[in-house]
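S.K.: Fit chain B to the known structure of chain A by using the hints.
In order, the protein sequences belong to chains A and B. For the working numbering, count along the first sequence from 1 and bump the result up by 1196. For the working numbering, count along the second sequence from 1 and bump the result up by 344.
Everything labelled a hint here was simulated from the structure, so no lab data went into it. We treat Cβ as the ideally placed atom computed from N, Cα and C, and that holds for glycine. Check the hints yourself; a few may be wrong.
List of simulated lysine-lysine pairs, DSS-like, C-alpha gap at most 25 Å [claimed, not checked]:
hint, chain 1, residue 1, chain 2, residue 2
1, B, K393, A, K1240
2, B, K402, B, K413
3, A, K1250, B, K415
4, B, K450, A, K1237
5, B, K415, B, K393
6, A, K1237, B, K393
7, B, K415, A, K1237
8, B, K402, B, K450
9, A, K1250, A, K1274
10, A, K1240, A, K1250
11, A, K1211, A, K1274
12, B, K393, B, K405
13, B, K453, B, K422
14, B, K393, B, K413
15, B, K415, B, K402
16, B, K450, A, K1240
17, B, K415, B, K457
18, B, K453, B, K402
19, B, K457, A, K1240
20, A, K1240, B, K453
21, B, K453, B, K393
22, B, K457, B, K413
23, B, K413, A, K1211
Some chain A residues well away from chain B (every beta-carbon gap over 10 Å; in silico) [what the hints assert, rightly or not]:
hint, residue
24, G1199
25, H1206
26, V1215
27, T1216
28, R1218
29, N1227
30, E1279
31, E1281
32, N1298
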Amino acid sequence: EAGVTQFPSHSVIEKGQTVTLRCDPISGHDNLYWYRRVMGKEIKFLLHFVKESKQDESGMPNNRFLAERTGGTYSTLKVQPAELEDSGVYFCASSQDRGAYNEQFFGPGTRLTVL
Amino acid sequence: AQSVSQHNHHVILSEAASLELGCNYSYGGTVNLFWYVQYPGQHLQLLLKYFSGDPLVKGIKGFEAEFIKSKFSFNLRKPSVQWSDTAEYFCAVNAMGSQGNLIFGKGTKLSVKP
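Bound-form chain A, shown alone:
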């Protein structure tokens, strides 16, 4: 069974540019989570999809971040325009069922550097 995949693995962009990160969850997993780790800080929750619906986006930092999950399969996270403080590692995770008891399987992360 393929795990959670993320693309790209690394992205280096200039401040003001746009970047789109992609996450492909494990097949059949309805729940998809985005997290971010800024250097030296903890991994922080950004948002949660159940199929194509945003269940909780309380962790999204501001309106420069837009997440989508059209069709309930893969998800994209777009940052437009990127700022220096957006640099970090963006993790995606998926789980089969929603709720606190379900194990989340993480992808390898996308390392974003904004210059």
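M.R.: For chain B alone, coordinates are given in the frame of chain A:
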């Protein structure tokens, strides 16, 4: 607000030494507790979890953790570490009844010298 504290940023041990990594959480309600591990170049993976029952939880690769409710702690232990345990370890919680979003500590890097 919920938070998780991991006491050590970087721990360096020799092989066969015993390991204990501290984790404390702050939350007024019932939580589920997790330890995740990220080996160099690999994904975050679940090491062990506690939902209820016996507060001493055993995970993969000889790791265990003890939930002490009165201390809001969930420390990770291993009696004898190996070089292959070199990794970053993350303590995390989620609230009972939540949608599952995890709150992580800052992580502890463990370096094991052969």
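S.K.: Each of the hints needs a verdict: does it hold here or not?
M.R.: Consistency of the hints with the structure:
no., hint, result
1, B:K393 - A:K1240, "holds (19 Å)"
2, B:K402 - B:K413, "holds (17 Å)"
3, A:K1250 - B:K415, "violated (35 Å)"
4, B:K450 - A:K1237, "holds (6 Å)"
5, B:K415 - B:K393, "holds (18 Å)"
6, A:K1237 - B:K393, "holds (22 Å)"
7, B:K415 - A:K1237, "holds (24 Å)"
8, B:K402 - B:K450, "holds (22 Å)"
9, A:K1250 - A:K1274, "holds (15 Å)"
10, A:K1240 - A:K1250, "holds (17 Å)"
11, A:K1211 - A:K1274, "holds (14 Å)"
12, B:K393 - B:K405, "holds (14 Å)"
13, B:K453 - B:K422, "holds (15 Å)"
14, B:K393 - B:K413, "holds (15 Å)"
15, B:K415 - B:K402, "holds (20 Å)"
16, B:K450 - A:K1240, "holds (10 Å)"
17, B:K415 - B:K457, "violated (32 Å)"
18, B:K453 - B:K402, "holds (21 Å)"
19, B:K457 - A:K1240, "violated (31 Å)"
20, A:K1240 - B:K453, "holds (18 Å)"
21, B:K453 - B:K393, "holds (19 Å)"
22, B:K457 - B:K413, "violated (33 Å)"
23, B:K413 - A:K1211, "violated (46 Å)"
24, G1199, "violated (7 Å)"
25, H1206, "holds (13 Å)"
26, V1215, "holds (21 Å)"
27, T1216, "holds (21 Å)"
28, R1218, "holds (16 Å)"
29, N1227, "violated (7 Å)"
30, E1279, "holds (22 Å)"
31, E1281, "holds (17 Å)"
32, N1298, "violated (6 Å)"
Consistency note: the structure conflicts with the earlier hints numbered 3, 17, 19, 22, 23, 24, 29 and 32.
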